[in-house]
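Participant: Given two chains presented individually in distinct reference frames, assemble the corresponding complex, making use of the accompanying hints.
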Amino acid sequence: MVNRMIISNILHRPVRTAVSALAVAIEVGMVMLVVGLTHGMVHENARRVEGVGADLLIQPPNSSFLFGLSQAPMPLKIGDRLAQVPHVLAVAPALFVLNSVGGINVIYGIDLQSFTRLSGGFVYHAGGPFTGPMDILVDDIYAKANRIKVGQQINMLNHQFRVAGIVEHGKGARLFIPLATAEDLLGVQDRASIFYVKCTEPGYVESVTEAIHDLPGKYQVLPIKEYMSLMTSNNLPGLDAFITAMIGIAVAIGFLVIFLSMYTTITERTREIGILKSLGASKGYIIAIILREAGLLSVVGILAGYGGAAVGRKAILAAFPTLSVELTFLWALYAASLALLGSLLGAFYPALRAAQLDPVDALAYE
Amino acid sequence: MDPIIATRDLRKVYRLGRVEVPALRGVDLTVQEGEFVAVVGPSGCGKSTLLHVLGGLTSPSTGSVLVDGNDFTRMSDADRTRFRRHKIGFVFQRFNLLPTLTAQQNIAIAQHIQGNGFNPHRFQAIVEMLGLQEKLKRRPYALSGGEQQRVAIARAVICEPKILLADEPTGNLDSENSQVVLNMMRTLNRTFRQTILMITHNPEAAAVADRIIRMRDGRIISD
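Chains as they are written, first to last, in the working numbering: chain F, 1 to 366; chain Z, 1 to 223.
Derived from the structure by calculation, the hints contain no laboratory data.
Predicted model, so just to flag it, every value in this text is computed and none were measured.
Glycine residues also receive a C-beta, built at the ideal position from the N, C-alpha and C atoms.
Take the hints with a grain of salt, since some may be wrong.
Which stretches of chain F does chain Z cover? Using the computed rule of at least three CB atoms under 8 Å from a CB of chain Z, they are [claimed, not checked]: (1) 271-284; (2) 351-364.
Within a straight-line C-alpha distance of at most 20 Å, the following computed EDC-like cross-link-like pairs (lysine to aspartate or glutamate) qualify [unchecked claim]: (3) F:Lys283 - F:Glu268; (4) F:Lys225 - F:Glu206; (5) Z:Lys162 - Z:Asp210; (6) F:Lys283 - Z:Asp79; (7) F:Lys225 - F:Glu201; (8) F:Lys283 - Z:Asp77.
Chain Z extracted, bound-state conformation (with noise of 0.2 Å):
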């Protein structure tokens, strides 16, 4: 079975001016359909941009990427927007949810931008599972990190995307609320085989996932 994620030999320089500061040097990864994936390792090692990269956020500067069999080095902007649209889930450490929003619209929003209008049954069905049925009319100010961080996982999952990237999904919450947030990642990788890859510090959050890959000056140093 092909991966869902394939990388060879990803680089990617980022330009300060006359500078050029490498921040991945030959990342090689693949990820199966289905896993959870932690990938690890120390501030500026290369975590961020390696999932801004698979997530389409930005081009690689050479090398290849495979995902769900579209080669990214061969796509447009806009190719990997619509690409993203469709298959790509974010979640962030900061939540990222729109502030004039309530819960609701803010995972309504997602399927509007897929453009396939409101699914009401799988709205329900996240809504549910991430036990958010009594925060959907509340405007993100309204809510707990943890409460915010539910919603921002309703929003990334509701159009069903091939791969769920999370970036330090428990940076900005307590233990309690981190826990929370990993069981329902650990669940939805459970119950919809969502594959997730998940950036983190954190060695429990890691923990929670299948396997576990660490990173150091932009290259995997153990998977």
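Chain F extracted, bound-state conformation (with noise of 0.2 Å):
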């Protein structure tokens, strides 16, 4: 019985009932693309890096394991010390340069052969390696986000670069220039600012990060497992309270159109209410229908949120190709127990005022 008069309720108000819904929608939808947005691209990056192929990443001392915001450079010559150490099978340095133009990038600035012999080499969608020192490999996201074809010369680092082929995604970055032109933008002569290391065997890689903290430099060792489990929106710097603050704004906007939403309905409905109490309803049951009332149009709200975030999703897919978002379950569970305590929340109040309200008062409200 309740629920049909909730049902009617929110049916005989459609304009109420659908801004009600589509604020909770957008603050479900606005949570999930947002989490899924910053989540989806710090395990895209992370991916990428596993996707090398190395199972330890060696960086100068102290140096953060976000590779774009250490750039310090560390000498070539360390490669042909860490070769050395037992049980290693192959080294790659990689020179990270930072490009703005068009989005940040971080671009590797390899050498081919080694980073070959280490990943396994790349698979080429169209074109080949470099053949000269002003040649760019492009990952085929890139490409088809940039719309870039094989030949085509594209400003980078305010230099014209040819590009010389389009590759697999999946292997460190998008972008690939030779090493040695990677150090000419730089500035610096024979330097590295990552070292890719790969083990003969997995099982090996204790016993190699161990030797490698016995060479001389105490060059950070970090293994990929580890780089991995590092790689989410916890340790990245300011990106929690990004996450919070956005999902702050989001539970904000539910919770103050839900309330207001109620606050004015409870006006509106101020006689019905004095009528129910004149049958003898508690100020339990007053609560009750409101809040179960508030609680439906969250849960419509939920379900039009997930399907906007998924809308959101192949909106933003489609408009920019490099950047990845990821819609959990997980999440979607949150944003939804959001929605539905925000909304409560908002709908308390109400729902308070409503319960004590003088039944004669109200029956005699016009």
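Facilitator: Have a look at this one:
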């Protein structure tokens, strides 16, 4: 009976219902997309590093695991020492060059031969390896997003590069240039930002790590598994705060709209509340009706929010193919819980106010 | 036999800012179970306040109010609400149906609030007696005033209240519909020994009752 009354009330005021549900949908969609985008980007970056195929990452002392933030190069000759460590199969240096034209990208300056030996080599969708110093390799996603073709000249770091090849994505960066060119651009010589190290067997990771620690220079050794575990929003400076702030804004939107909606509803339905009171409805009964109505609005909004997030994800990926959006069941659950909780909290004061109305005054309300 | 309603020196004072407005100034009233009582008097004489106090919608300022053996002056708001749920039925001048519910739902909601669930036999008997079989699926806006008031009466008596309190039940009806509603209240009183206390301005309506009480300035002036 109460369900029917709640549904009738909701259907009786379609605009209010639509606006309230839309607010909740925006809340849910915003939470899912913001979290999905940040987590997606972080995880996608991590997967690309993992995709290089190394077991260990060697960086200068005190450098950040966020590669774009640590360009401090190490001498290239360290690579020779690393290669001599027992159970090391391959070593590949990479020099990071930060490009901010057309979005922020880390360009890998690589020695193609060693990089190929370590990673198993690129899969070329078109074109082939570098043939000159001003050649660039781009991955298929970047190429598609920027409509880049093999042989095309592209401006990068204030220089014209010829696209030598389009490679399968997933090996460290989206853009690769010869190591020597990267050194020229940064004004350094025989330097690398990182060394990727592959062991003969994964079981040797620990012993190789210890051996590298014993080398002079105190270089930072990061097993790839540890790196993957570090690549979460919790470990990225400011990202968690950003996500929390965005979630806070989204929840506030939902809370305020439901609060306003239920508050005006109570005013509008003062007389109806008086009628229920005259029939003997307790305060709890009236509070339950209002909260259930808010809950139902919230559920409709949550479902719409899921749909909106799915559509939003498609739109984002269509517009920005290099981005990654991860919509996870867990965050769908979190977003729904936040929306429901926000709605119930938003409806609670109006519900309490309704329950405390004087029945005689409520019945006399015009 | 104890009266179902007994008030002694019942007073009710409303406060409007710093001004005290006495609505009831010492009402002594007894109503026996099964009586049909009409309360008449000019506007502002305290009729509606008396009805609200007897229905537990508001508390008295002083005096005693015993309804079916329960002393309202000693009851909390929650206790009076519970009492109202089980023992009192209201019929209002403006019908006061819930606009989003059908006639059937408007009647059934009283049973739901009472918490004893839907009683189809009682429902059927009341609906047939009030001639509402064809109107049950309609919402209030699709019913005439007379039909709406019949639905309101059905809602008021569906839970078998001890007392039916009617506040100007014919006040918004034409004479034909007024007569229908009054006949139904009379039938309820005669058939089910329903105790009814009805407030009215209308002498013809009051004439249907067994007993007429006149009020003026918050007091009973004749019984």
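Participant: Going through the numbered hints above, which ones does this structure break? Give me the numbers in ascending order.
Facilitator: Hint check: nothing fails, all pass.
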